[in-house]
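Q: Protein chains in written order, with the working numbering: chain C, 117 to 492; chain U, 24 to 568.
No lab work stands behind these hints: they were computed from the structure. It is possible that part of the hints are untrue.
[Stated by the list, open to error] Taking lysine-lysine pairs in the DSBU-like style, the calculated list, with each CA pair at most 35 Å apart, reads: (1) U:K193 <-> C:K234; (2) C:K253 <-> U:K426; (3) U:K161 <-> C:K337; (4) U:K73 <-> C:K427.
[As the list claims (entries may be wrong)] Cβ pair distances, simulated, as ranges: (5) U:T163 <-> C:P206: 37 to 47 Å; (6) U:D554 <-> C:D146: 47 to 57 Å; (7) U:T385 <-> C:P454: 56 to 66 Å; (8) C:G367 <-> U:V568: 43 to 53 Å; (9) C:E244 <-> U:T385: 31 to 41 Å; (10) U:E430 <-> C:F462: 29 to 39 Å; (11) C:G339 <-> U:S151: 57 to 67 Å; (12) C:G367 <-> U:E241: 55 to 65 Å.
By construction, the Cβ of each residue, glycine as well, lies at the ideal position given by its N, Cα and C atoms.
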Amino acid sequence: MCRLFAITSEDPVSPMVALEALDVMREGHDGSGVGLFLRDLGGPFETMKDAPILSGIFTEAGLRRLDVKMMEKGFITKYKISFKLDKTPPEGIPKRGIYLIRAYEYPDEWEEWTWERKQTELTRIRLELRGMGEEEKDMIVFSFWPDVIMIKEIGDPLTVGRYLKLDANDIQARIVMAQGRQNTNYAINLYACHPFFVQGFSTMTNGENTAFIPIREFLQKRGFEGYMGFNSDSEVFTHILHYMQKELGLGLEFYKHIITPLAGDALASHPNADLLTQLKQTCRRLIIDGPNCVIGSLPDHSLFMVQDRKKLRPGVIGGRPGTYAYSSEICGLDSAIPDRDKSKDFQPMYLDTAIVGPDRQEVQICRQTERLHLPH
Amino acid sequence: MSTNGTITPSSLSLKDLHWQIDWNKEACTLCGQCTAVCPVKAIELGVFRKRQVEVPLGLTGKVENRYSLFYGVRQKTEPKHACIGCGMCSQVCPNDAILPRRNDESDKQRYHTDQGGQPLTRGGRRKSEGAGILDRIKFTRISMLTDPALDAGRHEFEIKTLLGRVLPPKEQLQRHLKGEWVPPVREIYPLVIGGMSFGALSPTMWEGLQMGVAYLNEELGMPVRICTGEGGCPPRLLRSEFLKYVILQVASGYFGWDEIIHAIPEMKVDPCAIEIKYGQGAKPGDGGLLMWHKVNKLIAAIRGVPTGVSLPSPPTHQTQYSIEESVAKMIQSMSMAWGFRVPVYPKISASSTSLAVLNNLTRNPYAAGLAIDGEDGGTGAAYNVSMNHMGHPIASSLRDCYKTLVEIGMENELPLSAGGGIGKNGNLAANAASLIMLGASMVQTGKYVMQAAAGCLGSESDRCNVCNLGICPKGITSQDPRLYRRLDPEHVAQRVVDMYLSFDTELKKIIAPLGRSTSLPIGMSDALGIDDRDAAERLDIKYMV
């Protein structure tokens, strides 16, 4: 199994909070890799919320090619984080070139563009850079999006965090998602590391999606170039979330109804049975299977957790108004927010979507059997 | 015959026959039941004259011949009375004194089955033995320590599929929210009893199947559906609540459709679906055939034809001028007849032209699916040559169609139904699961149901297979009351239920270790492997040894 930890806090926190929580849960992962997703950034990025930030790993040659490419497109570097690394990485972490986190200023002509158009173009550029990197093996691009930073690396999460000096680098965020990986493949492709990201939507999973192939086949033909990669069977959770909100215009409370729809009498007796039956039929290829605990972040800064239809994976939420955390295990929660009311810790079951909204004041539980707000 | 007698070209000896009767004189009680039950009158009372040479002790007298008679069973050797190996003689024999045995070499009977210039016709399936491709496919993607396997006995499983046109998500939701028409979709059990007509089947068999299906639905909550085949539907069933479990088939002879159309205003419920049969896997390019022996008063009334005439359906629909016209016109007409509330889909024989039909259907917004029937499908009557040599295996035909749908992003919109040889070697659930993972939304089987639910004796190695002649020794495909009274519909119903319950458990035993339970694993081709590199490549599944 892998281990998940996510926190949403009014005050920006260091990603080390999440990595320390993962370390507490180290019996549940093998230290073979870590992925971080940061949003609603603090520190120096606080003042540049609209600037798209490129996150990735580059060789020297890759960085030169990146600079040429971005200049061609009219992007100017606005701010960058410099990682001052030890010459030799700790055991288990490969030697890389440059860990890049760089905020850009939009080209002049973009100023007139709608946010919709900017989203499309930002995605296209990320995919283009990724494609270039895959050709020459000199760039790995995780995200290119305003107010979002992603870091992924092979190795023990805490060791990686210390190596990158994440506590000293002014990297802080109000939303942090982190996954400690249990490697089941011999070689690790960083693109297969969680969390996954597409157009402001991000998810990470502890589990195995056994319905991956039919879901991938369906997504590949939806006409959106961002549904690509498919390096992990969990990547489709992000794609489905994006598809549901962007293409179908459905709110988060519909997510469970798509990936793990109600069946039998529970569906028939639901107040929105007709709609949900139609949804289940038309989105049948997006039904997931296998044991899965999914934690995700939305562009509106909501953070949520859902479980598979049988609730086969651990997951708990706890905290206090202003700060809530999602964790695979309670010990992870204890490490990050020890002074909370533990009696209010909540473990979402097979019908629940547990959401902490942008205001971070409470955990909302949305049960699948409840009446839904209909889309317009 | 005597050594100087005349022989004709078709004079056969016992050694020339495909099936030979072993009869044990010592055990025989001469009760005569075997000769009475034999459907082809292959055996008759035999009076045997026997000479015994008697030599007196000490040569005191003359050596004498003594002649005696004994009675027993004699096997006929004329081709029309050739034993079919059904074994009913053995079934009725009180002393196990008789048993048909297959010739140990290639028979000569096969060259003489065309007496009078009539090629051999028969029922059953394509002649073939041994494991087919479907039997050789294995399920290899098993969740081990990375994830807990599911428990087929305890966990919740959603073993259901959809029959009907499903729109792309955005369009479907928009239409629903605006209250516009959305195509009818049925949620059904993925194993459908394929089209076997009232007429091809005996009344007791039909009744038993219908009762079994009704029980599965009403008592066990399994939404099992049964297709009528081309032969109409009894008037009371058309006007009953149980019609919703029935897929009405229309084929090129339109048999029974006068009755059906007239019953529409009186129908309490809509049928599950309408299947337009363009082809049948067992005899592609050939129409249905009900021999005159079976067209009695009841059958004639339901089908709207005179009694005692053979009923060959034309190879093609008479209204068919082109694929566009045929598919579009018929699907639309049928949809309109039920107010666009009933899914309508065509059934074709698997063929290298299947993709052409599929491509056409993808552009027809009323097409509710496509049923493809492979070469190993059964039939009640067909020319032997059609059955053995015409057709296309289901696996690759289905896979091609599914991959085409995936390529155009319509795999959820147009469900594929696969049939033809599922469970041919007894592996019903495994074969069905293979086809589902290759891309079928559901599978159809008829022959297996006859075998499991009614004890059909037919085989792919020339046993019985006389469904076309109305002499079915089990009463499954006969219209002769003396024969079909042998079949108790209650027992057939019970066996249908047994068959479905056991299939359900076996299917769960396959998909649970694959970590699938929330939805049917349609197109989960990563689970499949086969020990044949060419087959693996053709089907785009894993090659494994």
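Q: So, for every hint listed, does it hold in this structure?
A: Results for each hint:
Distance check on the hinted pair: K193 of chain U and K234 of chain C sit about 23 Å apart at the alpha-carbon level, within 35 Å; holds. The straight-line distance between the Cα atoms of K253 of chain C and K426 of chain U is roughly 32 Å, inside the 35 Å bound, and the hint therefore holds. A threshold of 35 Å between alpha carbons decides the hint, and for K161 of chain U with K337 of chain C the separation of about 29 Å falls inside it, so the pair holds. For the suggested pair K73 of chain U and K427 of chain C, the alpha carbons sit about 82 Å apart, so the restraint of at most 35 Å is broken.
Between T163 of chain U and P206 of chain C, the C-beta spacing of about 39 Å keeps the proposed range 37 to 47 Å intact. D554 of chain U and D146 of chain C have their C-beta atoms about 34 Å apart, which leaves the hinted 47 to 57 Å range violated. One distance hint, 56 to 66 Å for the beta-carbon pair T385 of chain U and P454 of chain C, holds here, with the actual separation near 59 Å. In this structure, G367 of chain C and V568 of chain U meet the distance hint of 43 to 53 Å, their C-beta atoms being roughly 50 Å apart.
At about 32 Å, the beta-carbon gap between E244 of chain C and T385 of chain U stays in the expected band of 31 to 41 Å. Between E430 of chain U and F462 of chain C, the C-beta spacing of about 44 Å breaks the proposed range 29 to 39 Å. In this structure the hint that G339 of chain C and S151 of chain U lie 57 to 67 Å apart at CB is violated, the actual value being about 44 Å. Taken as a hint, the range 55 to 65 Å is violated for the pair G367 of chain C and E241 of chain U, whose Cβ atoms sit roughly 38 Å apart.
The structure shown violates the earlier hints numbered 4, 6, 10, 11, 12.
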